[in-house]
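Undergrad: Below, each chain spelled out in residue letters.
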Amino acid sequence: MKLLDNLLKSSNIKKNDDVSSGFSYPESTHSNLSSNNDSKLSIQSLNAWFGNKLALKNINIDFKENYVTALIGPSGCGKTTLLRCINRMHEMTPNASAKGNIILDGLNIYDKSSDPVIIKRRMGMVFQKPNPFPTMSIFDNVASGLRLNGIKDKFLIKNIVQESLEGAGLWDEVKNDLDKPGMGLSGGQQQRLCIARALAMQPEILLMDEPTSALDPIASSKIEELVSDLKKNLTVIIVTHNMQQAARVSDYTAFMYLGELVEFGKTAQIFKNPVKELTERYISGKFG
Amino acid sequence: MDKENENINYKSIVQGYVVKNARKRKTINSLITIVLFSFVVIAVMPLVSILIDVFRNGVTAFSLDFLILPPAAMGSADGGIGPAIQGTLMTVGFATVIGAPIGVLVGIYLSEYSSSSKRFAYFLRLFIDVLTGIPSVVVGIVGYITIVLTLGSFSIVAGAFVLSIIMIPIVARVSEETLKLIPNSLREAAYALGISKWKVVWHIVVKGSKSGITTGIVLAVSRIAGETAPLIMTILGTSLFFSGFSSPVDALPLRIWRLSSQPYSSAHEQGWGAALLLILLVLSLTIILRMVSQKRGFSLKATT
Numbered sequence: 001m002k003l004l005d006n007l008l009k010s011s012n013i014k015k016n017d018d019v020s021s022g023f024s025y026p027e028s029t030h031s032n033l034s035s036n037n038d039s040k041l042s043i044q045s046l047n048a049w050f051g052n053k054l055a056l057k058n059i060n061i062d063f064k065e066n067y068v069t070a071l072i073g074p075s076g077c078g079k080t081t082l083l084r085c086i087n088r089m090h091e092m093t094p095n096a097s098a099k100g101n102i103i104l105d106g107l108n109i110y111d112k113s114s115d116p117v118i119i120k121r122r123m124g125m126v127f128q129k130p131n132p133f134p135t136m137s138i139f140d141n142v143a144s145g146l147r148l149n150g151i152k153d154k155f156l157i158k159n160i161v162q163e164s165l166e167g168a169g170l171w172d173e174v175k176n177d178l179d180k181p182g183m184g185l186s187g188g189q190q191q192r193l194c195i196a197r198a199l200a201m202q203p204e205i206l207l208m209d210e211p212t213s214a215l216d217p218i219a220s221s222k223i224e225e226l227v228s229d230l231k232k233n234l235t236v237i238i239v240t241h242n243m244q245q246a247a248r249v250s251d252y253t254a255f256m257y258l259g260e261l262v263e264f265g266k267t268a269q270i271f272k273n274p275v276k277e278l279t280e281r282y283i284s285g286k287f288g
Numbered sequence: 001m002d003k004e005n006e007n008i009n010y011k012s013i014v015q016g017y018v019v020k021n022a023r024k025r026k027t028i029n030s031l032i033t034i035v036l037f038s039f040v041v042i043a044v045m046p047l048v049s050i051l052i053d054v055f056r057n058g059v060t061a062f063s064l065d066f067l068i069l070p071p072a073a074m075g076s077a078d079g080g081i082g083p084a085i086q087g088t089l090m091t092v093g094f095a096t097v098i099g100a101p102i103g104v105l106v107g108i109y110l111s112e113y114s115s116s117s118k119r120f121a122y123f124l125r126l127f128i129d130v131l132t133g134i135p136s137v138v139v140g141i142v143g144y145i146t147i148v149l150t151l152g153s154f155s156i157v158a159g160a161f162v163l164s165i166i167m168i169p170i171v172a173r174v175s176e177e178t179l180k181l182i183p184n185s186l187r188e189a190a191y192a193l194g195i196s197k198w199k200v201v202w203h204i205v206v207k208g209s210k211s212g213i214t215t216g217i218v219l220a221v222s223r224i225a226g227e228t229a230p231l232i233m234t235i236l237g238t239s240l241f242f243s244g245f246s247s248p249v250d251a252l253p254l255r256i257w258r259l260s261s262q263p264y265s266s267a268h269e270q271g272w273g274a275a276l277l278l279i280l281l282v283l284s285l286t287i288i289l290r291m292v293s294q295k296r297g298f299s300l301k302a303t304t
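Those sequence lines, one after another, are chains E and D.
Just so we're aligned, residue 1 is where the first sequence starts under this note's numbering, counting upward by one.
Just so we're aligned, residue 1 is where the second sequence starts under this note's numbering, counting upward by one.
Since the hints were derived computationally from the structure, they do not count as laboratory data.
Errors might be hidden in some of the hints.
What the hints assert, rightly or not - Here are the computed lysine to any residue pairs in the SDA-like style, where the Cα-Cα straight-line distance is at most 20 Å:
| no. | chain 1 | residue 1 | chain 2 | residue 2 |
| --- | --- | --- | --- | --- |
| 1 | D | Lys118 | E | Gly51 |
| 2 | D | Lys197 | E | Lys180 |
| 3 | D | Lys199 | E | Asn149 |
| 4 | D | Lys199 | E | Val117 |
| 5 | E | Lys180 | D | Lys207 |
| 6 | D | Lys207 | E | Gly51 |
| 7 | D | Lys118 | E | Asn95 |
| 8 | D | Lys197 | E | Arg122 |
| 9 | D | Lys199 | E | Asn95 |
| 10 | D | Lys197 | E | Asn149 |
| 11 | D | Lys207 | E | Pro116 |
| 12 | D | Lys199 | E | Ser220 |
| 13 | D | Lys180 | D | Val106 |
| 14 | D | Lys197 | E | Ile151 |
| 15 | E | Lys154 | E | Pro116 |
| 16 | D | Lys197 | E | Asp179 |
| 17 | E | Lys152 | D | Val200 |
| 18 | D | Lys197 | E | Lys154 |
| 19 | D | Lys199 | E | Arg122 |
| 20 | D | Lys210 | E | Pro181 |
| 21 | D | Lys210 | E | Met136 |
| 22 | D | Lys199 | E | Ile151 |
| 23 | D | Lys197 | E | Phe287 |
| 24 | D | Lys199 | E | Leu148 |
| 25 | D | Lys197 | E | Asp115 |
| 26 | D | Lys197 | E | Thr93 |
| 27 | D | Lys199 | E | Lys180 |
| 28 | D | Lys199 | E | Gly51 |
| 29 | D | Lys197 | E | Gly51 |
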């Protein structure tokens, strides 16, 4: 049934666009945390390199709080690099570097005084392949971030683990097997375990790097539903190869090509009335 | 492309070759299997015959007295190898306490921390590889000059020192290789949770490769347990039990060497017994540590 709903949702886009003139997202009513403009995260003139190769060229983009933004584009266009720049994971790759400004609630992530570890603590990240810690049980996987950041209160950890697993839609499936190894779960469950692990750190932003590319359609649709739920509490940025997925789950879409941001706008607009010809050709499957 | 080629039937040509060579291929396949298997037999035969010989000759020497008594007067069939057992356990134990942590830490540095100073890491690796290849007798001389001559006596300190020097490069390289096997995605997953580097290294990487590191340590322990030459120059060997940190100690390899160089058949028998015991010690150590580390080990098999 859920799968069917999702399929319907994807076709809903067209219906939405019939009223696209009056189409608008409710402007955020709870943006007292963010700065004057309502963007949670603002990327300004960001360049990123792998060695001498320029991988991101002067990226400017604003991510709005409590919305899902999808990054789409052909392989090698820099989607993942952009995502990894946001939590300063990019620079951990040997020879990789990045320059520019990324403002999170008024704080410049790329300021010299910013601590990359603290920045990562404010953002969760979900990877392409599920990567639960193989030596740990389901419970320990979710608790790992809390414990290794120094939280010792067992009651608190237990509550956060339960809440995170519920938030990731996994609690009912694993509540009796919390001490079993995380590796024993199916691929889709492992990915939701990784989402729970990220949620346990109470992130403000969730970065998802093609989270469903290693999963079957049913497991993927569960993750997609989850994303729609998650945006109530946090800002989601999702890299995806799957354009239907971008259309289904995201509110905003950014199309990238060869390290440049070609077009950014509301998902409905990007998919229905792209401004740039390149975007239109990619979305209609003429290249990619 | 050319017009002539259009009429050539590639399918029949290729299939013709496949059929033509089928018999030849089968013969060569089985021939190579036989050759490989016979080399395996050649390699295993000496190992097995050594084990059988040691067991057959040594098992008759075994008794409680043999294990706990000090050696008796030369030529007497009484006495045992008690001090040698005690000495080997102590010397190898101390050497492991010194050498294993240092080796593991060097391995951790090379695998996790050396990316910022590649030149230094390159020379460190080269140095470690050279150190692995240094004959143990040379390490023994160094121990003799630096410790035995300084302290004025043969001692377990010097013995543990030289054995730990032999141990460090082995443990370091094996640790480095096992730590590198931990997939980078796990490190990134941990970093993404805002965990600081040393905690990622310790809790995710090192704890995840416990069984591999244990294997490295066991390998090094088995190697140093059988060392003879450096021990002659550092602990010398004695027929007395341990009596302090400034007097000679005995060790099983030394005792085997002493017993085998005596002209009495009773001594030879004891020598076989000591050799069997040394093999059993190393073997049981390997098995026990394997079992312990595999119980809570790292398994990649379930991943993919």
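Undergrad: What hints, given by number in increasing order, does this structure fail?
TA: Of the numbered hints, 2, 6, 9, 11, 12, 15, 16, 18, 23, 27, 28, 29 do not hold.
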